[in-house]
Amino acid sequence: MGNRARKARLVVVGNGMAGIRTVEELLRMAPDLYEITVFGDEPHPNYNRILLTPVLAGEMRMEETILNDYDWYAGHGITLCTGSPVVQIDRVHRRVITASGETAPYDRLLLATGAAAAMAPIPGNDLPGVYSYRDMRDVEALTQVSTGGGGAVIIGAGLLGLEVAHGLNARGMQVTVVHRRAWPLDRQLDGRGGAMLQEAMEARGIRFLMERESAAVLGEGRVEGLRFQDGSSIPARIVVMTVGIRPRTGLAQTAGVACEQGILVNDTLQTYDPRIYAVGECVQHRGMTYGLVAPLFEQAKVAANHLAEYGRMRYEGSVTSTKLKVTGIELFSAGDFRGGDNTEELTLLDAHQGIYKKVVLQEHRIKGILLYGDTSIGPWLFEHLREETDISALRDHLLFGETHLGDAGHAGANQVARLPDTAEICGCNGISKGQIISAIRDGLFTLEEVRKCTKASASCGSCTGLVEQLLASTLGGVYGSSARKKALCGCTDYSHQEVRDAIQQERLLSVREVFRFLDWRNPGGCAGCRPAVNYYVRTAWPAEGYDDASARFINERAHANIQKDGTYSVIPRIYGGVTTPAELKRIAEVAERHAVPMVKFTGGQRLDLLGVPKEKLPAIWAELGMPSGHAYGKALRTVKSCVGQEFCRFGVQDSTRLAIDLEKNLERMWAPHKVKLAASGCPRNCAESTVKDFGVIGVDSGWEIYIGGNGGMKVRAADLLTRVKSEAEVILVAKAFLQMYREEAQYLERTAPWVERVGMARIRERVVEDPVQREELAARLDFAILQERDPWAEAVAGRLDIHAAPLRRVSA
Amino acid sequence: MQWFPLGKVNEVPPGGGRYVETPAGQIAVLCNEEGTLFAVHNRCPHRGGPLSEGFVSGTTVFCPLHNWQIDLCSGEALPPDQGCVRTFPVRTEGEEIWLGLPGEQP
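Heads up: the sequence lines are chains A and B, in that order. This note's numbering puts the first sequence at residues 1 to 812. This note's numbering puts the second sequence at residues 1 to 106.
Treat the hints as calculated values from the structure; they're not laboratory data. For glycine and all other residues, C-beta sits at the position ideal for the given N, C-alpha and C. Among these hints, one or two may not hold up.
In silico lysine to aspartate or glutamate, EDC-like type, Cα no more than 20 Å apart, as pairs [stated by the list, open to error]:
no.	chain 1	residue 1	chain 2	residue 2
1	B	8	B	95
2	A	564	B	81
3	A	452	B	71
4	A	7	A	25
5	A	452	B	76
6	A	616	B	21
7	A	7	A	35
8	A	585	A	608
From chain B, some residues computed to sit far from chain A (all C-beta separations above 12 Å) [stated by the list, open to error]:
no.	residue
9	45
10	73
11	86
Go ahead and model the full structure; you've got the sequences and the hints to work with.
This is the structure we're talking about:
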């Protein structure tokens, strides 16, 4: 009995960001699985190590960097032992032993011992006055010594070296940075960028001595100076060594756990002892060690998944970017920006404004990014680097970012860095840039967390790009590397694509099956995942998959569009926008009979009856006797048309006829988002085909087909896909394109961002150039649409219950 | 407290809800994925959205208008939102759902 009740014991060695992040992830997945004990060397709860430099520079206080206070540990029943280093792992008896001789038994052990500062192997490196720069202890010591002023020499002009230089300079010391290479940050910058950076830091009073090898720290009893190999020397009151970090593997090594540069782990973050996991800077995975925080978080997720006994995720390494955290200096670099054979460079240099941008390309893909002075497009470029996007189409404006006419900031809004703190970022919830940044500084790392804590980007989502940029610019390298595997929602760690793959491969036929199979954290899901997963099930299995009404938004359940007062709008389908006097009369009579408060033409050339109570919907549908216009759904909406050849004196093609045919072929098509089409009869383009998801323009010789246009939240002119001769070809291409979109785009992704993401080349290849694929795509769409019935007719016939009437009327 | 029969358990879709007209106003009767029933005023504290049309998951309902999340046990909006909706007792007897409404106090 007693044994059965005992929880498994998890011991965590290391109370830093990687260890505690893993515990947090674990608690989210399996809150009651383990009795957890955490050992930390430092006498603090978990703090945000990225913020050491702002603390050193006096821009923040130590308390502001705490991520998990003591109450958090207590609240989750975690035993925290700070200031008590673990000195031995007894693998035979499965327990750890601390310096003071205490022992703690474990069933699972998590090593997150981090890394230590490496010291230059030169005489005098142990003199009083020599410092490293690694943790809060170093910051406290440096803060204290800096009050005495004097000369500080920094050995090593890497990220940490420059940050500490900035911090000590801000505290009034005379700072000299010594480096063995020709320019600072030689691993993040090329010579030109390095020179610009050096100049900017020199302008703040920091001296640089480049291409100097340090030989010895000078001084009797304490630091007095530094001598170089060429025999010259400089005086110094303190010396700070930032020449690299070394994974702390001593503990693991002594216990016989295999180590090389770091503790060796596999793709599940397990060491050679299967009871022992390791995450963070102390590990070596596929030959790589990481010193940035972003990979640690990815590792934490995977390790937690396995500790929680889910056993599904794998860590496959990280692509990282770096950002210098020195106030007022903008620097972003990622990938291999040095170039080489078969590579091309795109550069932009504005020495006057201090802006330098360089992108290295190989076979139309981004291999390296270096941005100095203006890093606003960093996250956008980095996304393309990670996704290995073909950027041929973007090449012209690659260095200027993704600006568009009327850019409200979907994906790339470049200006966010320049906005004042008072600027409103989230228009739906009235959240300012300053509010978001201060929430991020309080310890948020993901979009999901920002949404939860501030509401920003939680409503319409159009500011998501801006919020992501704020995350990226506030957190630097911490944020972003996981974008490729962005979880579908907070209920799971799986990405959209991973969920789709599982549905396809495992033949999952309902939302519930998917949730169960993939161990959804909330068995009921949320407003984010339910509709998405239902869509993915229906798209993968149009005939067999269960269309779960409880997983659809109210609009798609009531087959009408809910309004602010809880009434609905009714928009019947009017093919191509062409109606008849009789039909108009019938609509008018229905509106009068039911005293419909407003009758209005829509932007898509249809008629809208607004203000209808839910209870009246079935009666109105019955009296209209028209099919649903699907104006409420993530579905084919309308095919807008101009008058065309039949009456218009300019028309060269019959656009109304084609619009009606398209609409009849595509009605009842569900999609990741709404889909709008248009057909114009001549290049005057009166139906505005170039701001539609799929638009055609009649020309003398046939039709031009445009895709990926949008006239709404973010204007995007459509791209020309191809030219065809006949109406039949237009319909075939439309079907193939839309099916490809249905199968590949994420739920709630419009065609405009999707086209940009996958690139025109790939779409053209499948939809235009390869006739076999085109036919197959179109056939799959036909089959899917064939499974759908007109919902209004179904409701009128009593085969579909939209729960229009109240469950009951209670009278007292 | 007065109890009123509302209908059968299977008339409320799991993961969603129905609405009921009562002298105390419209009340949403909601059912989660495990079949647990809840009853709250059918007006989101934010802009009055009909909660009977929202998603229900666990003990949370997501308002269909602006996605506010309301805890169905307490009626409180989940942070960062603030607001409260009135809750009502609901129970089942066999297949029948019963709703408790505050009766006249003697």
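Tested hints:
1. B:8 with B:95: Given that 20 Å is the threshold and the Cα spacing comes to 5 Å, the pair holds.
2. A:564 with B:81: holds, 19 Å
3. A:452 with B:71: Cα-Cα ~15 Å, so holds.
4. A:7 with A:25: holds, 18 Å
5. A:452 with B:76: holds, 16 Å
6. A:616 with B:21: holds, 16 Å
7. A:7 with A:35: Roughly 6 Å between the alpha carbons, so the hint for residue 7 of chain A and residue 35 of chain A holds.
8. A:585 with A:608: holds, 14 Å
9. 45: holds, 14 Å
10. 73: holds, 15 Å
11. 86: holds, 15 Å
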